[in-house]
Every structure is written in structure tokens, then in C-alpha cells.
Amino acid sequence: MNRRESLKAISLATAAGVLLDACKPSGETKTAEAASAAEAGRQPFEAARDKALAEQKFFDAHEMATIAVLVDLIIPRDERSGSATDAKVPEFIEFIVKDEPEHQLPMRGGLRWLDVKCLNLYNNDFKSCNPQQQEEILSAIAYPAIAKPGMQAGVAFFNKMRDLTAIGFFTSKMGIEDLGYKGNTPNVWRGVPAEVLKQYGLENV
Amino acid sequence: MGDIQLKKSGQVHEVVVIGSGAGGGMTAYTLAKAGVKVLMLEAGPFFDPAKDSKQLQWPYQSPRRGGNATRPMGDFDAAYGGWEIEGEPYTQKGNTKFDWFRAKMLGGRTNHWGRISLRMGPKDFKCRTSYGVGDDWPITYDEIKPYYDKVDQLIGIYGSNEGLENDPDGIFLPPPAPRLGELFIKKAATGLGIKVIPGRGSVLTAPLPGNKDRQQCFYCGQCNRTCKVYGDFSSSSCLVIPAIKTGNLTVLTNAVVREIITDNNGMATGVSYVSKDDMQEYVVNAKAVVLAAGTCESARILLNSKTAQHVNGLTNSSGVVGKYLHDSTQTGGAVILPQLLNRPRFNEDGVGSLHVYAPWWADKQKLDFPRGYHLEIFGGMMMPAYGGYFGFEGSIVPLINGYLPDAAGKMKPGGGFGKSLKDDYRRFYGTFAGVGCHGTDVAKETNYCEIDNSVVDKYGIPVLRFNYAWGSDEIKQAKHMTETVGAIIKSLNAIPLIPPAGPENNWGLSNPGKGIHEVGTVRMGDDPKKSALNKWGQAHDCKNLFVTDGSMFVQQSEKNPTWTILALSMRTAEYILDQKQKQNI
Numbered sequence: 001m002n003r004r005e006s007l008k009a010i011s012l013a014t015a016a017g018v019l020l021d022a023c024k025p026s027g028e029t030k031t032a033e034a035a036s037a038a039e040a041g042r043q044p045f046e047a048a049r050d051k052a053l054a055e056q057k058f059f060d061a062h063e064m065a066t067i068a069v070l071v072d073l074i075i076p077r078d079e080r081s082g083s084a085t086d087a088k089v090p091e092f093i094e095f096i097v098k099d100e101p102e103h104q105l106p107m108r109g110g111l112r113w114l115d116v117k118c119l120n121l122y123n124n125d126f127k128s129c130n131p132q133q134q135e136e137i138l139s140a141i142a143y144p145a146i147a148k149p150g151m152q153a154g155v156a157f158f159n160k161m162r163d164l165t166a167i168g169f170f171t172s173k174m175g176i177e178d179l180g181y182k183g184n185t186p187n188v189w190r191g192v193p194a195e196v197l198k199q200y201g202l203e204n205v
Numbered sequence: 001m002g003d004i005q006l007k008k009s010g011q012v013h014e015v016v017v018i019g020s021g022a023g024g025g026m027t028a029y030t031l032a033k034a035g036v037k038v039l040m041l042e043a044g045p046f047f048d049p050a051k052d053s054k055q056l057q058w059p060y061q062s063p064r065r066g067g068n069a070t071r072p073m074g075d076f077d078a079a080y081g082g083w084e085i086e087g088e089p090y091t092q093k094g095n096t097k098f099d100w101f102r103a104k105m106l107g108g109r110t111n112h113w114g115r116i117s118l119r120m121g122p123k124d125f126k127c128r129t130s131y132g133v134g135d136d137w138p139i140t141y142d143e144i145k146p147y148y149d150k151v152d153q154l155i156g157i158y159g160s161n162e163g164l165e166n167d168p169d170g171i172f173l174p175p176p177a178p179r180l181g182e183l184f185i186k187k188a189a190t191g192l193g194i195k196v197i198p199g200r201g202s203v204l205t206a207p208l209p210g211n212k213d214r215q216q217c218f219y220c221g222q223c224n225r226t227c228k229v230y231g232d233f234s235s236s237s238c239l240v241i242p243a244i245k246t247g248n249l250t251v252l253t254n255a256v257v258r259e260i261i262t263d264n265n266g267m268a269t270g271v272s273y274v275s276k277d278d279m280q281e282y283v284v285n286a287k288a289v290v291l292a293a294g295t296c297e298s299a300r301i302l303l304n305s306k307t308a309q310h311v312n313g314l315t316n317s318s319g320v321v322g323k324y325l326h327d328s329t330q331t332g333g334a335v336i337l338p339q340l341l342n343r344p345r346f347n348e349d350g351v352g353s354l355h356v357y358a359p360w361w362a363d364k365q366k367l368d369f370p371r372g373y374h375l376e377i378f379g380g381m382m383m384p385a386y387g388g389y390f391g392f393e394g395s396i397v398p399l400i401n402g403y404l405p406d407a408a409g410k411m412k413p414g415g416g417f418g419k420s421l422k423d424d425y426r427r428f429y430g431t432f433a434g435v436g437c438h439g440t441d442v443a444k445e446t447n448y449c450e451i452d453n454s455v456v457d458k459y460g461i462p463v464l465r466f467n468y469a470w471g472s473d474e475i476k477q478a479k480h481m482t483e484t485v486g487a488i489i490k491s492l493n494a495i496p497l498i499p500p501a502g503p504e505n506n507w508g509l510s511n512p513g514k515g516i517h518e519v520g521t522v523r524m525g526d527d528p529k530k531s532a533l534n535k536w537g538q539a540h541d542c543k544n545l546f547v548t549d550g551s552m553f554v555q556q557s558e559k560n561p562t563w564t565i566l567a568l569s570m571r572t573a574e575y576i577l578d579q580k581q582k583q584n585i
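In the order they appear, the protein sequences are chains A and B.
First residue of the first sequence? That's 1 in the working numbering, and the numbers climb one at a time after it.
First residue of the second sequence? That's 1 in the working numbering, and the numbers climb one at a time after it.
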């Protein structure tokens, strides 16, 4: 089967599923099967949970503004792609801390630690500091192996912040294109291209 | 809670099958195809991969980007359930930490498994004779081989014929080529004297002769989400749904089995269940019952089916039900291959199963443990995502970018932020690879599940309690695994991403259950005093009861169990047909 036929098979199979559903006697459409087409394959409790989380708010306006500054310092716009806020990373972080509540305390406490540190050093909260000051404080917490002992709380916070930022960015459409991922589409896998095998000397493996 | 009613129907079904996974699906399929009217009870909802699969969705179509909040293997993984299910607990004895994965849905765990489909070999069926440990099966490889052949042809499997003594050949479709990272590991392992061969997986890499309902694989690498074109094996798509189409199989979903009912002669007369839809209690009548609820759940149902004739639970006069529980041993290692920094991009999704592996290579070597393990090799440009087994691949970048020169050839401290870090995520993408080690645990009477009479689930059914400890042979095997993986990593000059393993943590052995290959709780055998089932999967103590899931195993091997479950359940179904024809049941 070539790629086009594969695509056709998918749309046909999907259409067939929808038709079968429509033809079913009403008594059969129960529980998970009653879920709307958009929720196909999701359990009712999962859909309800997503809806409830979307309606909750965890971070306040100041925290969200601080997160927006931080994520763009971690992943800025460059010649290949946009910045973390361009990829809506703050919105992802707001969702994921509700979805995985173990992030909540370290994130809230860490943001506060950062603000108080900046208040003491620069007489401003983090987001109101100038770019040099922001760069300076992040440099003190962004390199775990050389960070000073007094900065360890900031290091722990920044590790998490950086990780959530990268997850949010590189799982967005923009981030996936940036990485150059070519898959998730019907194709025929014939193995590693010959020129790549040659590049790595793996022709005879 | 509303009023509870007990609803009994007068209808007597020819066969009632409990469970819709590999064993239940194959039994029901074989019987329905032969014209027998079958009723199947499934504890979860209906699931049809054609419309319920999350195949080809992007991470950003999930608010959690594929994260694990409601599914332990990620938001797109097909399994409904997981290690813990709310309202359906299990308990542990002593220091036991058994992990029990349950998927409550049509097709069960076959919807999300790795499709790694290995036959057991002649020596595996004669473990005591061949290795001096464990027990022999009451059947030989030669007796089961025709069924493996039929399963290969019915379901479809890729692989290569190698003529290996204890890793039998099959009827194979062409295997997929290895990915780039996998070639590096293959080269390293080969250099250590380990033979690496193409994987064996139930994915249609070519059209399946005689089957028009299933399409060929289109290489998205997402078998764990199930396949909309039925290009891989799930019990739902390949067995249960085709069986429904014969008109001979009726499936009752959301039916949680409480016990198997027997009469004064000890024969099975039906099954009682609670419906999740209306929370009412039901009894269905049957001339024969097939139990295939999954290794541990099947033991639970038998142990909960106590009567005056079956005082220890059904078909348990031997006392073995629940005992000899055994799961694969499991360790592994992941690496970053610095050789692949800034590697070329191309679509490397491949199949969602195994591309290359190393069958157990040291069977003839003198070692300080019996049995062995195989290596599952993986590595490639995975779709960037959160969740699943590995989480976000890039999470390791700030932890290791201090060990290698940056794009400008300079060393810098690990971590960082800004443009240089952003570039590191790109440079490291697709350099991740690894080796999983999956081995044999010799079945032990002392590893078991039993009923914990002090705890019930939300349906009022007493739950299972686990007792399980790895033996010294398994721990020595894990040490060997650790040394093998270490040698591979060393010869690759790769950056290891494995936590240190030593005697203090059983050389990195995963908790029992984590392999999701648990088998053996309702073992077969010729001696009714030492086994629950005869060699056909028929209960010694109850002639119209059959068991066709992993619980019937006498002794696992390092081969993943599903292909053997399929072969044995097909064989038992044919035996049921034969016995029905002879009017023995």
C-alpha cells in the first residue's frame, strides 16, 4: 500500500466508525460509547477532569507575568523559531501544574524565592529588574554544578522551570518543527537512508 | 445507592467467556467461527481502534502534551486503567512490592502492548529437564508448534528465520529495517559476541494473505495507541470484532465478574457479575465457562468462587491457584550517543514494536544462574512528547550538556538558558537509544497472590494480596544484565543514563509485575494434586471450565508471553469443539 492509499484507508475506517455509530439502536449507546466524536477513546472521567482543570486558575497575574519573562529567557526567539511565549508555554505551565499538582508548591515557592532574592539584590521583583540583572540572577541558578550553596533553592526551582519550559516549547507545533521531527504521518519505512549509513560507516551492520 | 436486584435469565449459553484479551479473544473467535454461540463478559467498555485510537494525534492536541496524569503510559496510550484503579485496590504482604497493570476495556492489555511476539522454544517447555529448575510443561514444543503456525498466519507477524535451537522460526512477514541508533547498538553488541537479529512483532509489514479487514502498516510507530487500520494485533480489532461479525458472539461490556457458579456436582452452571452500567447483579447460565480475565484476575475469580464442593475455591483442590505467580525479570539502560549529535533528520518512526533484538545468546555458557534473558534494542527520532515511558527526551539535555563541547567546540558548565541551550536541545535530539533486558523468572510456590479477606473493592468483591520476592538466581541474572549493558555502553563510548545498580538494589531489577508478563497462577499439569488444569487448559476439578490466559503457564521463558497465550487458547478452543462434538461437555 502506498502512502496515499494508507491515508484513504484511515479516513474510510474513521468514516465507517461514525456511520456504524449512527446506525446503532439507541439502547446500545451507553457509557463510553455515548461520548462525542471529539472525545472518542477518552474515558468519561478523563473528559470531565480536563474540563474541570481548564476552568480552574492556579497562578495569579503577577506569577503569570513572571513566568512569561522567565520562559522567554530560557527559550528566546532566534533565527529558526519563535520564543516560548510565542509557543504559548505559559498557558501549558498553568495547565500542567493543575494536572500534576506536585509542581505547585515548588513553582509558587520558587517564584517567590526569586522575587525576594531580586528585591534584596536589586530592589525590584524579578520581572521589574533590567535585562542585565535578570541575566545575572539566572546565571547564578542555571548551572547546578557551579552554583553557590546559598543559591540551591533557586537551582531546584530553575531546574523545574527550565524543564517545564522545554516540554511546553518542544511539544508545541513550533517546537516540533524546530527540532525537525519528520514523522507522525503515513509513509513507508525502508530503513536509514543510504547516505546516512555511509556518513556513520554503518553500511554493513 | 438504589435498590439492588439480582437478575437471572432463563437462557443457557453454549459458552460464556470471561475476558476479552489475547486468551479470551482467541477462544471466543475460534468458537464463534466454528458456529458456537458465545457470550463474552468484559469488565470495561467497548473499544474499537478504528474510531477510538489516538493514532496520529500530535502532542499539542493533548492539554498535557501526552503526560501521564490519567494514563501511566501517557495520554495517547490506549490502555484504560493502569497500575492503580480507583475503587479497585490490591494489597501486599510483608515487603512485597508487586505492581499490577490492569486495562479494563475490550481487548484488555493487547490494545497497548509492544507487539513483541516470540515463540517459546523446545527447552522452554521442558524447564526442569533442560535446566534443572522449575517444572516441565505437560506439553512439548512439537505439540504446540502447529498452533503457533496458525497464529502466525491468522494474525500476522514479521521476523526472520534464523534456525536457532530455542528461538523457533515462524511464518514471517518481512521485518522492518533498524533505526540509526539501533544500528549503533547492534554493532556494539555484535562486537561483544552477541548475535542481534531482526525483531519479531505482530505488525503487518506486508498485506496479510486472505484478510481484507486489515490494512498494511503505514509506519507511524504508535502501536501502543492501537491502529485505526488494524495494522497490528489487538484482540479487539483482530479477534473480538471479527467474531462479533460472525453473528455468533455477543459481548456484554462493563460486566465485572464476581464468581463462577457451580452446582451440587461441582460443575459450572454460569457466572455472576455486577454491571457497571446499572450497578445491578446478574447471573448468566452456561453449558461451559472459559476464564481468561488475566493471570491475577482469573486466580481471584476462582479463589472467590468457593462452595461446599470447592472449599478452597474453584478447581483448587490442589491448592495451587494463585501460586507460582511469575513475571519477567527486567532491567535496562539508556544512553546518549554523542556520535549522533546534530544527526540528519528523516522520518524514523518505523513500527511501534521491536526492530532488532538479541535472543538469549549464552545458553551454552557456564554461568552462575540458570535460564536467561533477551535484549530489546531501541533508539531513534521519537515524536517529541511528554509522558509515556521516557517522558520528554529533552529533559536530560541540561543535565548532560556540560559533558560535551558545545556547537562552537567549547566546554561550558551544564544547564544554562537562552539561545545556546535552545540549540543544545536541537543538537541532542534523536541521540537517545537503549537496551531493555527481559528475562526468565523461575516459577516459585512461594510467590503468589491470594484473597485478602479484610479488603473489598467498590463492588464488594474481596481483593488480591501479593507475596513476591526475587530469588537468588534472578538477582544473579540481573547482575549479568547489568554487566552486558555496561559493556555495550562502554564499547559505544556513550553517555549512560542509568542509575547505579548493585547488590543493594538487586542489580536494578524492576519490581515484580512491572514487566506486565505475569503468568502461572492457574498452572496446568498432568497431576491433579499439583496443578489446576490438565494439558488442554481444562480444570481438573470441573470438566466444563477452561482457562485460556497467562495463568495456565507452568513456566515462562524470556520470551514475551502473548504469542504463547494465543497459541494455547486456540488449542483449548479446538479441544472444546472436540469435546462438545463428543458430547463430553
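Read the hints as simulated data drawn from the structure, not as lab findings.
There may be inaccurate statements among the hints.
Unchecked claim - Label pairs and their in silico Cβ distance ranges:
{"#": "1", "chain 1": "A", "residue 1": "L202", "chain 2": "B", "residue 2": "G319", "range": "54 to 60 Å"}
{"#": "2", "chain 1": "B", "residue 1": "P499", "chain 2": "A", "residue 2": "V188", "range": "49 to 55 Å"}
{"#": "3", "chain 1": "B", "residue 1": "G460", "chain 2": "A", "residue 2": "A153", "range": "45 to 51 Å"}
{"#": "4", "chain 1": "B", "residue 1": "Q61", "chain 2": "A", "residue 2": "L197", "range": "55 to 61 Å"}
Every residue gets a Cβ at the ideal spot worked out from N, C-alpha and C, and that includes glycine.
Going down the list of hints, with the structure as the test:
Here the CB-CB span from L202/A to G319/B is close to 56 Å, well matched to the stated 54 to 60 Å. Distance hint check for P499/B and V188/A: the Cβ-Cβ separation is about 39 Å, which falls outside the suggested range of 49 to 55 Å. Judged by the Cβ atoms, the range 45 to 51 Å given for G460/B and A153/A holds: they are separated by roughly 49 Å. Our hint of 55 to 61 Å for Q61/B and L197/A is violated, since their Cβ atoms are close to 34 Å apart.
Of the numbered hints listed earlier, those contradicted by the structure are 2 and 4.
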